[in-house]
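4 protein chains.
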Amino acid sequence: MAEPEDRDLPTRERILAAAERLFARRGFSGTSIRDITDAVGIKPPALYNHFPNKEDLYAEVLAASLRPLIELIDAAADAADGAPNIEGADQIVGRGMDLLREHPHGPALLMLEGITGADHLARIARDWIRPLIERGVSVLKENDASGRWSEDVYPNVIWMWFCSAFGHVALSALYAEVFDEDGLADSPFARHRDFMAAVATASFEPKR
Amino acid sequence: MAEPEDRDLPTRERILAAAERLFARRGFSGTSIRDITDAVGIKPPALYNHFPNKEDLYAEVLAASLRPLIELIDAAADAADGAPNIEGADQIVGRGMDLLREHPHGPALLMLEGITGADHLARIARDWIRPLIERGVSVLKENDASGRWSEDVYPNVIWMWFCSAFGHVALSALYAEVFDEDGLADSPFARHRDFMAAVATASFEPKR
Amino acid sequence: MAEPEDRDLPTRERILAAAERLFARRGFSGTSIRDITDAVGIKPPALYNHFPNKEDLYAEVLAASLRPLIELIDAAADAADGAPNIEGADQIVGRGMDLLREHPHGPALLMLEGITGADHLARIARDWIRPLIERGVSVLKENDASGRWSEDVYPNVIWMWFCSAFGHVALSALYAEVFDEDGLADSPFARHRDFMAAVATASFEPKR
Amino acid sequence: MAEPEDRDLPTRERILAAAERLFARRGFSGTSIRDITDAVGIKPPALYNHFPNKEDLYAEVLAASLRPLIELIDAAADAADGAPNIEGADQIVGRGMDLLREHPHGPALLMLEGITGADHLARIARDWIRPLIERGVSVLKENDASGRWSEDVYPNVIWMWFCSAFGHVALSALYAEVFDEDGLADSPFARHRDFMAAVATASFEPKR
DNA sequence: GATGAATGAGGATTCATTCAT
DNA sequence: AATGAATGAATCCTCATTCAT
Chain B
-9 MAEPEDRDLP TRERILAAAE RLFARRGFSG TSIRDITDAV GIKPPALYNH FPNKEDLYAE
51 VLAASLRPLI ELIDAAADAA DGAPNIEGAD QIVGRGMDLL REHPHGPALL MLEGITGADH
111 LARIARDWIR PLIERGVSVL KENDASGRWS EDVYPNVIWM WFCSAFGHVA LSALYAEVFD
171 EDGLADSPFA RHRDFMAAVA TASFEPKR
Chain S
-9 MAEPEDRDLP TRERILAAAE RLFARRGFSG TSIRDITDAV GIKPPALYNH FPNKEDLYAE
51 VLAASLRPLI ELIDAAADAA DGAPNIEGAD QIVGRGMDLL REHPHGPALL MLEGITGADH
111 LARIARDWIR PLIERGVSVL KENDASGRWS EDVYPNVIWM WFCSAFGHVA LSALYAEVFD
171 EDGLADSPFA RHRDFMAAVA TASFEPKR
Chain C
-9 MAEPEDRDLP TRERILAAAE RLFARRGFSG TSIRDITDAV GIKPPALYNH FPNKEDLYAE
51 VLAASLRPLI ELIDAAADAA DGAPNIEGAD QIVGRGMDLL REHPHGPALL MLEGITGADH
111 LARIARDWIR PLIERGVSVL KENDASGRWS EDVYPNVIWM WFCSAFGHVA LSALYAEVFD
171 EDGLADSPFA RHRDFMAAVA TASFEPKR
Chain W
-9 MAEPEDRDLP TRERILAAAE RLFARRGFSG TSIRDITDAV GIKPPALYNH FPNKEDLYAE
51 VLAASLRPLI ELIDAAADAA DGAPNIEGAD QIVGRGMDLL REHPHGPALL MLEGITGADH
111 LARIARDWIR PLIERGVSVL KENDASGRWS EDVYPNVIWM WFCSAFGHVA LSALYAEVFD
171 EDGLADSPFA RHRDFMAAVA TASFEPKR
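Residue numbers (this note's numbering), protein chains in the order written: chain B, -9 to 198; chain S, -9 to 198; chain C, -9 to 198; chain W, -9 to 198.
What the hints contain is simulated information worked out from the structure, not anything from laboratory work. Quick caveat: nothing in here was measured; it's all calculated off a predicted structure. Treat the hints with caution; some may be incorrect.
Same chains, same names: a pair is fine if it fits in one copy or spans any two.
Here are the computed lysine-lysine pairs in the DSS-like style, where the Cα-Cα straight-line distance is at most 27 Å [what the hints assert, rightly or not]:
hint: 1; residue 1: 44; residue 2: 33
hint: 2; residue 1: 44; residue 2: 197
hint: 3; residue 1: 197; residue 2: 131
hint: 4; residue 1: 33; residue 2: 131
hint: 5; residue 1: 197; residue 2: 33
hint: 6; residue 1: 131; residue 2: 44
I would like the entire structure built from these sequences, with the hints used as guidance.
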């Protein structure tokens, strides 16, 4: 708990790191300023030299936590853009999950926001999720040669993968309790990622 | 907001209903006793005539919210138990989602618990999720004739469907912001349910 | 300080009494909730069972403190309405001051507000002071036969008396330090009141 | 608001000017160090290079704000010392008010202190107000030939004029709300000053 | 002189809970 | 079964002040 949260970094960064971890684990109202400052090793008033209030700190954590995810997913989609049909699907899914795994707080924060539908939801949806979906849909339009799906379910395709992938990462605590192993550890994670990639393959296998 | 939460029901039931809705929307620490009693139309001390404290009320809400889900999913699985191969998969998925839709607070509560990994998580995992997974795995063992999957990914199959289905229902607020329509309304919901059922079908289509 | 503030009265009244005294002596921002609740003999949270917040408590104190002043002055003006010329002026002044003396917190609160020009000033001016001035002006119009003053200085007449009378009562702490006697005690107060009444008489003495 | 408070002056003077204005408008406890430094355009710690703490800054503001008033009033009294009877009264009153008008924060600060009776009151009373009163009384003794007043009400005379004159200037915010015009603007101020001078004349008009 | 970072003390207010009625 | 009044603990945040730079 009181891990000094990377003692070398400037205080502002340490606050962001501690806040990200705590907000992701306990939600906004479940995390107190004191929780965060205790984790950083400062007193509560010191936090206000770096952030004007809890809300703004949270907004910054949210943005900082989602930005790399979207950027990386975007880059992965770029890479897969010209790729041939079926192989593309499983590779995108696999890469996407690997990226989520490296930034597991983002999915948790996003799903907490998505469920509780708090104040930031509209902005998140507009700025992060909608572009992500649109990006995915356009990739599908160019690459799906399976003949299985009409264009108007492409958003559902992306949405389902979004729920599955973000859900797996965000729900790692539940996964651990259910399966007695850390869902983000190498082997279980690989198994799940590969399974999801295989479902993707099956989904875009040309219809007989 | 201040809907008197079914004026005819006994107070205890009205508290449970209001608490379920609020806990699902704002989480445990984001919901105050006053929020609940305001929704019911009583004063905070009156709540303590029916529940010993907030924690126990929450535990009861959680159980009451998850029990029907598990029971109904269980029943759906029973019905599909003897069903033939491929048709079974999409029917189970479709029925399961219809059931979730009727009790949308359950998925939200479960995912909030699953993310924040709070005190109830171990019990929930043991009592509700593990049996659900095991039930699904055994159904798969009896019915999967696709030749696509080895038995040790069956848990991943169920887990992925769990994330997708519970995620879609729990994240309806996010869905609404992203797609400008209520993901639980008839037509969008049917589209997503049918798409997921189709993916199930594709996943269990016998391999060529 | 910790006088129990009239132990018999209901808590709400005791809070109002303590708050009036403290706000009048130390101003709004110089008075803490704890100051008030200490004077009443309760803990700070108990105050919130009776008033929603400090601002509203202050507003209520202000209204409760000014209302009797205005009402009584109004009544005094009524009584003097039909009175003959000169005698009226000194009697109104004398009676008005006697009334202020009985409610000395009102002038203090009003002058603090009037100086700091805080949020309530506009409302106070409109609801309390303007009617008071207008009332005084109309009395002057009917009764001033001195031939000394044009009608357009009547507001200045009232304003000057307002400053003098409210000032004397509000500034009793300063008066005490300057003159080494309590300006609200019987004898010094009577001397000042009678002097002011005499000035009023001189001011409305028919011009030679 | 964020007027840089006379950019050319040395920081110390700019702090004094900003502090005077803010203390006069919001009182001691209603003004924070940050309010002052914001108005000056520096950060709070910089203030401590010029003043040891808030209390001492306030004391200096108070002295600096009252000193010119007293000096100027004193000078005005000197000038009127040899002046003949009746004309003197109105001239002193008129000149005194003109002086107050040029330093309107002094009256506000003084009345706030006089009402709240804070720590500085005794010193202020002794050092500033008492000499002022005594000076006025001695002028009256030498000049009052009206035969209207016994010598023991002379202090009341001065006190009443003090309340009226300081009150009018300090309460300019209230005046503005009540009369819809700035009480310190040329025309309204002149009207009030002349009225007060006229009352002075009437008060010292030889009795018939 | 000025500032960024820090802090102890205290600010108003909320919260879960109790208890007498 | 319900409530008004009360409270200890905790909430977010502000404040005056310090100190190293």
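Alpha-carbon proximity context of residue 197 and residue 131, limit 27 Å: Both: 17 Å inside a copy, 25 Å across copies.
Alpha-carbon proximity context of residue 44 and residue 33, limit 27 Å: Answer is both; intra-copy 14 Å and inter-copy 23 Å each pass.
Alpha-carbon proximity context of residue 197 and residue 33, limit 27 Å: Intra 62 Å, inter 61 Å, cutoff 27 Å: neither.
Within, between, both or neither, where residue 131 and residue 44 count as close if Cα-Cα is 27 Å or less: neither (42 Å within a copy, 50 Å between copies)
Up to 27 Å CA-CA - residue 131 versus residue 33, copy category: For residue 33 and residue 131, the Cα distance exceeds 27 Å both inside one copy (53 Å) and across copies (56 Å).
Intra/inter-copy verdict for residue 44 and residue 197 if alpha-carbon distance must be at most 27 Å: Result: close neither inside a copy nor across copies, 52 Å intra and 54 Å inter.
In this structure, the hints that do not hold are numbers 2, 4, 5, 6, in rising order.
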